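The listed protein sequences correspond, in order, to chains A and B. Going by our numbering, the residue at position 106 of the first sequence is 106; the numbering climbs one at a time, nothing skipped. Going by our numbering, the residue at position 32 of the second sequence is 32; the numbering climbs one at a time, nothing skipped.
Note that these hints are calculated values from the structure, not bench results. Incorrect hints may appear among the rest.
Below 30 angstroms or equal to it, Euclidean Cα-Cα: the simulated BS3-like pairs (lysine-lysine) are [to be verified]:
id, chain 1, residue 1, chain 2, residue 2
1, A, Lys110, A, Lys54
2, A, Lys110, A, Lys68
3, A, Lys110, A, Lys38
4, A, Lys38, B, Lys11
5, A, Lys5, B, Lys17
6, A, Lys110, A, Lys71
7, A, Lys71, A, Lys54
8, A, Lys54, A, Lys37
9, A, Lys38, A, Lys68
10, A, Lys71, A, Lys56
11, A, Lys68, A, Lys5
12, B, Lys11, A, Lys71
13, B, Lys17, B, Lys57
14, A, Lys37, B, Lys57
15, B, Lys11, A, Lys37
16, A, Lys5, A, Lys56
17, B, Lys57, B, Lys15
18, A, Lys5, B, Lys57
Among the chain A residues that face chain B by a calculated CB cut under 7 angstroms, a handful are [as the list claims (entries may be wrong)]:
id, residue
19, Tyr32
20, Pro40
21, Glu42
22, Gly43
23, Pro44
24, Phe46
25, Ser74
26, Gly97
27, Thr98
28, Tyr99
29, Lys100
30, Phe103
Source: prediction; values computed, not measured. C-beta: ideal position from N, C-alpha, C; glycine also.
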Amino acid sequence: DQQVKQNSPSLSVQEGRISILNCDYTNSMFDYFLWYKKYPAEGPTFLISISSIKDKNEDGRFTVFLNKSAKHLSLHIVPSQPGDSAVYFCAASETSGTYKYIFGTGTRLKVLA
Amino acid sequence: GAGVSQSPSNKVTEKGKDVELRCDPISGHTALYWYRQSLGQGLEFLIYFQGNSAPDKSGLPSDRFSAERTGGSVSTLTIQRTQQEDSAVYLCASSLGGGHHQPQHFGDGTRLSIL
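Build the full structure now, drawing on both the sequences and the hints.
Spelled out as C-alpha cells, the structure:
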C-alpha cells in the first residue's frame with residue numbers, strides 16, 4: 001500500500017504560468033512534508049518543507065499548501081520557468097526515531113518556452 | 001566537497017557478484033540514510049544510521065543487503081550475490097540529525113546495473 005501518492009506522472013505548463021503539483025497521503029501520523037526536485041543523473045534537491053502545524057509555507061516562487069483534513073498537499077510554482085523542468089517528488093515523515101522519508105513516485109514537469 | 005559524495009557513479013556487474021557502494025556524507029551530519037530508486041518508482045527507504053548505529057534496517061529487501069558506517073562518517077552498502085532485480089539507482093542522504101525533522105541532502109547516487 002502506497003502511503004504517498006502523486007497521481008499525475010507528468011504535467012506541461014507554459015512559461016510564466018502557474019504550475020501546480022499535487023500529492024496525497026494516507027498515514028495520519030505524518031507531520032512533516034517536503035518537496036524535492038530531481039534532474040536526470042543527479043540526486044534529489046530539497047526545495048521546500050512544511051510542518052503539519054502550518055497550512056502554507058512560501059519561499060520565493062515556491063509555495064507549499066497542506067490540507068490535513070484531506071491528507072493533501074500541493075506545490076505551486078509561480079511564475080514557471082524553463083529551468084523548473086524536472087521530476088518533482090513529494091515526501092512525508094513522522095516524528096519517530098528515524099525520521100525516514102516516504103516518497104511519492106514523482107511528477108515530471110515540463111515548462112514550455 | 002560540501003555535498004554528499006557517492007562512488008562509484010555507475011557500476012555494471014554480473015549476476016552473482018558482490019558489490020560495494022560508498023557514501024561520504026556532509027561533514028557534521030550525524031544521520032545517514034540509504035534509499036534506492038528502481039525504474040519508474042519513487043525512492044524506497046533502505047536503512048538509517050545515527051552515528052555508527054543502524055537503529056532502522058527495516059527497508060533492506062533481503063539478507064543479501066548489509067551496510068555499515070564507521071567513524072560516524074563514511075558508509076558502505078554491500079549487496080552480496082547480486083540479482084537482476086537489484087538494478088536501481090542507490091541514493092545516500094545525510095542530515096544534521098538531533099532528534100527532530102531536518103531536510104535530508106542527497107548525493108547523486110550510484111546507478112547499479114546487474115547483467
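Check your understanding: Does the structure keep Lys5/A and Lys17/B at a Cα separation of 30 angstroms or less?
Key -> Given that 30 angstroms is the threshold and the Cα spacing comes to 35 angstroms, the pair is violated.
Practice item. Go through the hint on Gly97/A and say holds or violated, using the shortest Cβ distance to chain B against 7 angstroms. Key: Hint on Gly97/A: holds, closest Cβ of chain B at ~6 angstroms, below 7 angstroms.
Review point. At a threshold of 7 angstroms, is the proposed contact between Lys100/A and chain B supported by beta-carbon distances?
Key: holds (5 angstroms)
Check your understanding: Is it true that the CA of Lys5/A sits at most 30 angstroms from the CA of Lys56/A?
Key -> Measuring from Cα to Cα gives roughly 20 angstroms; hence the hint holds.
Review point. Does Lys68/A lie within 30 angstroms of Lys38/A when you go C-alpha to C-alpha?
Key: holds (26 angstroms)
Check your understanding: Regarding the pair Lys38/A and Lys11/B, is the alpha-carbon distance no greater than 30 angstroms?
Key -> holds (21 angstroms)
Check your understanding: Should the hint that Tyr99/A touches chain B count as held when the rule is a Cβ pair under 7 angstroms?
Key -> holds (6 angstroms)
Point to revise | Status of the hint placing Tyr32/A at chain B (closest C-beta pair under 7 angstroms) | key: Status holds, d = 4 angstroms.
Practice item. With a cut-off of 30 angstroms on the C-alpha distance, tell me whether Lys54/A and Lys37/A pass. Key: holds (22 angstroms)
Point to revise | chain B contact restraint for Gly43/A - C-beta distance below 7 angstroms | key: holds (4 angstroms)
Exercise for review: Measure nothing beyond the straight line between the CA atoms of Lys71/A and Lys56/A; if it is 30 angstroms or shorter, mark the hint as holding.
Suggested key: holds (14 angstroms)
Review point. Has the given pair, Lys71/A with Lys54/A, been kept, meaning a C-alpha gap of at most 30 angstroms?
Key: holds (13 angstroms)
In this structure, the earlier hints numbered 5, 12, 20 and 25 are contradicted, and the remaining ones agree with it.
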